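> Chains Y, X and P supply the protein sequences, listed in that same order.
Taking the working numbering, I'd label the letters of the first sequence as residues 35 to 405.
Taking the working numbering, I'd label the letters of the second sequence as residues 1019 to 1156.
Taking the working numbering, I'd label the letters of the third sequence as residues 70 to 242.
It is possible that part of the hints are untrue.
Within a straight-line C-alpha distance of at most 20 Å, the following computed SDA-like cross-link-like pairs (lysine to any residue) qualify [what the hints assert, rightly or not]:
| no. | chain 1 | residue 1 | chain 2 | residue 2 |
| --- | --- | --- | --- | --- |
| 1 | X | 1133 | Y | 50 |
| 2 | Y | 88 | P | 120 |
| 3 | X | 1125 | P | 205 |
| 4 | Y | 235 | X | 1023 |
| 5 | P | 120 | Y | 50 |
| 6 | X | 1125 | P | 179 |
| 7 | Y | 249 | Y | 225 |
| 8 | Y | 235 | X | 1024 |
| 9 | P | 116 | Y | 390 |
| 10 | X | 1033 | P | 109 |
| 11 | X | 1021 | Y | 62 |
| 12 | X | 1125 | P | 145 |
| 13 | P | 133 | Y | 79 |
| 14 | P | 209 | X | 1124 |
| 15 | Y | 62 | P | 138 |
| 16 | P | 116 | Y | 225 |
| 17 | Y | 235 | X | 1021 |
Hint data in this document are derived by calculation from the structure and do not stem from the laboratory.
On a predicted model such as this, the values are computed, not experimentally measured, just so you know.
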Amino acid sequence: MKKIKVNQEICTTIPMGSQHVALPEPVKLVFDTENEVVKRVSFDVSYVHRGIEKSLTTMYDFKKAPYVVGRICGICAIAHSIACTVALERSIGIDGEVPDRVRAVRMIGLELDRLQSHFLINGHLAEVCGYENIFMHLWRCREFILDTADMLFGNRVQYDVVCVGGVNRDIDEKTGTRISEALEEIEESIGFMEEVFTRDKTLVKRLEGLGVVSKDKAFEYGLVGPSARASGVKTDCRIEDDWGMYRDFGLEIITMTEGDALARCLVRVLECFESVRMIREALDSTSPGEEIQLRVRDNPKKDAVCRNEAPRGELFYYIRGTGKKIPGRVKIRTPTFANIPILPHVMIGVRYNDVPPLLMSFDPCLSCTGR
Amino acid sequence: MLKMFITSIKNLFRKPVTQLYPYEKYEPFDGYRGKISWEKGKCTFCMKCGRACTSGAIKILIYSGETKEWVWNPIQCIYCGECVRSCPFGALIQEKYYASPITKGEKLDWSEIEKKAGRLEDRWRRQLRDRRGKRKSE
Amino acid sequence: MKIFELGKAKSPWILHYNTGSCNGCDIELLAVLTPRYDVERFGMLNKGNPKQADILLITGPVTKRCRERLLNLYLQVPEPKVVVAVGTCSCGGGVFRHMYNVENGVERVIPVDVYVPGCAARPQQIIDGVVKALQILREKGRALEVPPHLKKIVRGREGGIDRESLLEDLRRR
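If we strip away everything but chain Y, and leave its shape as in the complex, we get (with noise of 0.2 Å):
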């Protein structure tokens, strides 16, 4: 810790460094606070830079990349695969042949994955603000919901069941039953989250009006997901980019106007519920037994865009076919790499204690950031 200046005062640089023991990735933030408020911050999201876009380039043909972006993160992997595959897709041109059925697949896919990243954060956000027990009474939680992927697709966190031109595995009846059971448990757990995030006291006091951002400020910095939300804005492209049968369901996108870390939280929560919902009308929509796979001849020759709705917001995929079986340009913008820049102006005169539940509350995922 060393005495510096900054405008005029003299301040106290904390470095929180790559290797720490609340951070499960590598990140450095170095503060600058004076009687221990902060007043100045700086990011370093480099450890984590592999160099996956120059290898889809060179070294992986379009048939295999769908696995290798499942790895540039491991909390969202079926969001980056699916917006792959449906960019592939579309720049090869069998865009409007999908079936139904694979449809329905690759939406159950992603909101299961919705579902236990949503768990994942809030129990993450309370341990950081000393409530060990609530952390594990909701990773608990989030056993069950990994169970169910376990059953369906064959691994609890990588689910490789995306391809292109389909899926990989169908669902039987059977296993439709055993899902259909495991739904209703998985809501008593998220009306047991709901409870804890409105009604224990400590809690609410502790987030209520720590990092307030207000609608114009959302619109002015671009943030996107359940931060943006939780601000007023109206924004989801699930809606917006449908590749699935999001509209032909109905669905609700859920907004609040405070825009502090709890209605961050409360945000999430009740999109765990319209999760539940869409899953239950994806199985009762097609039946078993149907087409699952389409050959794929040709190669991918045009520009194409895909927009996801990933846990954590929009993700932007965009391809550049050449005709050869290797793309010449694969460009990826992850959500946490839009919420960054507004991190520094939110936590000007905030307390350096309360800087972890700060940061916890916007979700950040640097390995998507620094990929």
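Let chain Y serve as the given structure and place chains X and P on it in line with the hints.
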């Protein structure tokens, strides 16, 4: 406040959730993507699995026309199942049991095997081209 | 020092570092500490301090920026220590092998004792790997102790020993 007390007393009589793993055996679900097993009788060494593998964990070493070897590295594999789907003869199966950890002495030297496989494959393709060229000219 | 040996074997403390992985294996590592696969029954705690750690759990293919920090952490951990490489990425690079910012795996930077495969590594696989690491830790601890034919010499000297007298004693035997 009253609800907290009721929940605490109920928790005294509930069974623990913990699965005592090494002492109780764990049976995976059907359809779990575990380790790959190879059947020698059905394989014709067409090299399709080697080309389809995403992370390069399958290498096929062809020393001459008769001695051929198929190598799978369990610590390089990502268990995606692409090789199983690409084999036209059904020689690869994905079991439901996961691979167990290994120590330093049991590990394969993978960079050596990659270089050897690259050299042997170039030599084999040249031999095939020469054979086809000879047959066309006959 | 039997009591220290017993302490290390019955309650080893962990140091966890992520060198650029996708977070799948790290989330499964955190899930090992939750009630369902409770690893605190073996006495393990996740403290972030390298001076108090016995087992190093490393995930991720080592990116070029994390290489020095990893070496720094490894040199700060006191002997005896065990290094466990969790997940396919840290064993040999995984999907990221031969990408431009990646050293292929942890073994090119520090010596590794146990390799745990999987993408992402299941909690059951991690517990298997840690149990193997505990056996290796016990053997390493025993190899560090003073061998018995030197113990009598070391204990019986007043004012300590120096190198000349020790070598003379060994030559006499």
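> All hints are to be evaluated individually against the structure, with a verdict given for each.
Evaluated hints:
Between the alpha carbons of residue 1133/X and residue 50/Y the distance comes to roughly 42 Å, so the proposed pair goes past 20 Å and is violated. For the proposed pair residue 88/Y and residue 120/P, the alpha carbon gap of about 39 Å is over 20 Å, so the pair is violated. Restraint check: the Cα-Cα separation between residue 1125/X and residue 205/P comes to about 16 Å, which is no more than 20 Å; the hinted pair holds. For the proposed pair residue 235/Y and residue 1023/X, the alpha carbon gap of about 16 Å is at most 20 Å, so the pair holds.
Under the criterion of a C-alpha separation no larger than 20 Å, the hint pairing residue 120/P with residue 50/Y is consistent with the structure, at around 18 Å. Restraint check: the Cα-Cα separation between residue 1125/X and residue 179/P comes to about 16 Å, which is no more than 20 Å; the hinted pair holds. As the CA atoms of residue 249/Y and residue 225/Y are separated by approximately 29 Å, the hinted pair breaks the 20 Å bound. Between residue 235/Y and residue 1024/X the alpha-carbon distance is near 18 Å, which keeps this suggested pair within the 20 Å criterion.
About 18 Å separates the Cα atoms of residue 116/P and residue 390/Y, which keeps this hinted pair within 20 Å; it holds. Using a Cα cut-off of 20 Å, the hinted pair residue 1033/X and residue 109/P holds, with the two alpha carbons roughly 18 Å apart. Distance hint between residue 1021/X and residue 62/Y is unfulfilled; the C-alpha atoms sit about 42 Å from each other, more than 20 Å. Proximity of residue 1125/X to residue 145/P is assessed by CA-CA distance (about 27 Å); at most 20 Å being required, the pair is judged violated.
Note on residue 133/P and residue 79/Y: the hinted pairing holds, with a Cα-Cα distance of about 14 Å set against a maximum of 20 Å. Taking the CA atoms of residue 209/P and residue 1124/X, the gap is about 19 Å. The hint holds against a cut of 20 Å. Straight-line distance between C-alpha atoms of residue 62/Y and residue 138/P comes to about 12 Å, which keeps the hinted pair within the 20 Å bound. Straight-line distance between C-alpha atoms of residue 116/P and residue 225/Y comes to about 33 Å, which puts the hinted pair past the 20 Å bound.
Between residue 235/Y and residue 1021/X the CA atoms are separated by roughly 14 Å; this keeps the pair inside 20 Å, and the hint holds.
Hints 1, 2, 7, 11, 12, 16 from the earlier list are contradicted by this structure; the remaining hints agree with it.
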